[in-house]
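Be aware that the sequence shown starts at 172, since it is given in the working numbering, and climbs by one per residue.
Watch out, some of these pointers could steer you wrong.
[What the hints assert, rightly or not] Simulated pairs of lysine-lysine, BS3-like, Cα-Cα distance not exceeding 30 Å: (1) K425 to K277; (2) K305 to K365; (3) K227 to K479; (4) K425 to K364; (5) K227 to K189; (6) K416 to K479; (7) K227 to K425; (8) K217 to K547; (9) K527 to K227; (10) K373 to K425; (11) K425 to K374; (12) K551 to K277; (13) K277 to K305; (14) K189 to K551; (15) K374 to K364.
[To be verified] Here are the simulated distance ranges between beta carbons: (16) G290 to A371: 38 to 48 Å; (17) T528 to K235: 36 to 46 Å; (18) R530 to N426: 33 to 43 Å; (19) A371 to T537: 26 to 36 Å; (20) R257 to F300: 17 to 27 Å.
Source of the hints: derived by calculation from the structure; they are not laboratory data.
All values derive from a computational prediction rather than experimental measurement.
Note that beta-carbon positions come from the ideal geometry of N, C-alpha and C, so glycine has one too.
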Amino acid sequence: MCLVWCMVFLSACSPRVKMIPFQEVSLRDVVAVISLNPQYEEEVRKSGGMVVFIRKDGSYQTIKTAGMAYQKPLWTRRGVFFADYRTNYFISSSSPYQHREVASPKTLFQNTIIEDPQGEAVGIFDVGFTADIKNTLQLIPLSSKNLHTITSEIMSSSAFCGTHLWGLREGPVDEEKGLSYFMLRQIAPFSSKKFLIDSASKKLSAGGIWTTYCDRGEYVSVASYNPREDISQPQILRWNIHTGKPTLIPIRDKNNHPLTVPYDQSQSYDRGSFSPDGSTLVFVSYETGDLIQVNTHTGRILHRFNPKPLPRTISDNDLLQHHNDFSSTRHYYSILRIQYGSGGKFRPVQLFFINKTTRKTEITITLNQTLTKLMKGYTKPYVYDGGFTANPNL
172 MCLVWCMVFL SACSPRVKMI PFQEVSLRDV VAVISLNPQY EEEVRKSGGM
222 VVFIRKDGSY QTIKTAGMAY QKPLWTRRGV FFADYRTNYF ISSSSPYQHR
272 EVASPKTLFQ NTIIEDPQGE AVGIFDVGFT ADIKNTLQLI PLSSKNLHTI
322 TSEIMSSSAF CGTHLWGLRE GPVDEEKGLS YFMLRQIAPF SSKKFLIDSA
372 SKKLSAGGIW TTYCDRGEYV SVASYNPRED ISQPQILRWN IHTGKPTLIP
422 IRDKNNHPLT VPYDQSQSYD RGSFSPDGST LVFVSYETGD LIQVNTHTGR
472 ILHRFNPKPL PRTISDNDLL QHHNDFSSTR HYYSILRIQY GSGGKFRPVQ
522 LFFINKTTRK TEITITLNQT LTKLMKGYTK PYVYDGGFTA NPNL
């Protein structure tokens with residue numbers, strides 16, 4: 172694969188984002204898909220949302236949707252899947268591009284989206300609490316109208332283990348006594364069998380890491396050990412789905428010291444961050460953009476690098492207003508960087524593609540002012556970056 176450096180600046184003179192019909196979208200030369208939506212139910216219904224298709228030369232196409240809070244598009248080997256609260260959408264990866272729209276009324280809040288073993292997508296949507304104070308989720312294959320509903324809190328992560336979908340969630344047993352747990356169970360087909368970890372006594376927490384990996388009967392995820400209120404130490408969690416035995420492996424640096432980060436900093440990763448054999452994982456620090464490659468069996472950090480390090484003089488407050496979303500492709504790690512706060516207010520949104528072998532940034536796309544302002548919620552309609560997926564074939 173030849174090395175290519177591409178610095179792209181989109182035109183900043185466009186007064187607004189031009190919309191095109193869904194059937195006119197082409198995935199030719201598209202490298203990433205970004206969804207933009209309001210975050211509240213009333214605004215979703217009022218304003219709707221949009222999905223942006225960014226090409227490798229920096230140009231882009233945008234379509235209008237009915238809207239979906241926290242919408243997450245997914246690009247599998249078959250094509251791009253996404254859903255609003257009225258319709259499921261699909262565009263095939265190869266030309267001639269096939270477009271599919273399936274009417275599918277649903278709730279307005281998306282929990283996650285995951286690729287099934289056939290390369291299709293399953294969306295999980297949060298219905299909310301019912302009259303008997305139980306939360307329910309809709310599980311919807313986006314290629315059909317079929318759905319089923321389960322009683323469950325939202326999933327912190329999910330993965331297909333064979334043909335069965337498993338989910339991990341975090342919840343309280345007794346809030347007054349401070350008792351909480353991790354629960355792992357098969358959610359499709361739904362099974363009453365479940366495994367628990369007493370997360371409160373072990374000082375563990377689970378972040379919103381969406382989709383993860385199943386390695387030969389072990390559900391592999393990431394948890395955080397919180398020895399103090401102000402720090403956390405990420406752990407590899409390997410949970411046997413047959414015996415229910417969990418194994419926690421601290422992530423450690425080359426000096427065998429636990430990786431320690433401020434408690435309010437988080438990590439972002441997806442299923443594509445795992446190597447084909449599940450032995451390594453790459454995740455990105457949501458605030459700093461550091462990419463960290465870890466051996467999932469030992470927890471040892473193999474590499475740590477950053478496509479564009481932030482200034483050392485940046486304040487803690489501004490650091491927490493840097494968002495680095497992660498997506499992985501065949502040859503690249505991709506990062507969508509959005510900067511808010513006083514230090515990043517006028518900085519454009521950027522998209523980096525880092526070669527997995529050389530760990531060098533080969534492609535940098537800088538979005539124009541119009542799209543940057545939209546993604547940061549600075550202009551009407553007040554929408555925000557809710558999901559990002561890169562072309563897996565790159």
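Going through the hints against the structure:
Restraint check: the Cα-Cα separation between K425 and K277 comes to about 48 Å, which exceeds 30 Å; the hinted pair is violated. A distance of roughly 18 Å separates the Cα atoms of K305 and K365; the hinted pair therefore holds under the 30 Å criterion. Note on K227 and K479: the hinted pairing holds, with a Cα-Cα distance of about 19 Å set against a maximum of 30 Å. Taken as a hint, the K425 and K364 pair is broken in the structure, with Cα atoms around 39 Å apart against an allowance of 30 Å.
Of the pairs offered as hints, the one joining K227 and K189 holds, with about 18 Å between alpha carbons and a cut-off of 30 Å not exceeded. Between K416 and K479 the CA atoms are separated by roughly 40 Å; this puts the pair beyond 30 Å, and the hint is violated. A threshold of 30 Å between alpha carbons decides the hint, and for K227 with K425 the separation of about 36 Å lies outside it, so the pair is violated. A threshold of 30 Å between alpha carbons decides the hint, and for K217 with K547 the separation of about 19 Å falls inside it, so the pair holds.
With a C-alpha separation of about 18 Å, the suggested pairing of K527 with K227 holds against the 30 Å cut-off. For a cut-off of 30 Å, the pair hint linking K373 to K425 stands: about 25 Å separates their Cα positions. Taken as a hint, the K425 and K374 pair is honoured in the structure, with Cα atoms around 25 Å apart against an allowance of 30 Å. Distance hint between K551 and K277 is fulfilled; the C-alpha atoms sit about 25 Å from each other, no more than 30 Å.
Under the criterion of a C-alpha separation no larger than 30 Å, the hint pairing K277 with K305 is consistent with the structure, at around 18 Å. Annotation: proposed proximity of K189 to K551 holds, straight-line Cα distance about 14 Å (limit 30 Å). For a cut-off of 30 Å, the pair hint linking K374 to K364 stands: about 25 Å separates their Cα positions. Range check, G290 to A371: about 39 Å between beta-carbon atoms, so the 38 to 48 Å window is met.
Against the hinted window of 36 to 46 Å, the Cβ-Cβ separation of T528 and K235 comes to about 39 Å, which satisfies the hint. The hinted window of 33 to 43 Å between R530 and N426 is violated, with their beta carbons roughly 21 Å apart. Under the hint 26 to 36 Å, the C-beta atoms of A371 and T537, about 45 Å apart, miss the expected range. Between R257 and F300 the C-beta distance comes to about 23 Å, which sits within the given range of 17 to 27 Å.
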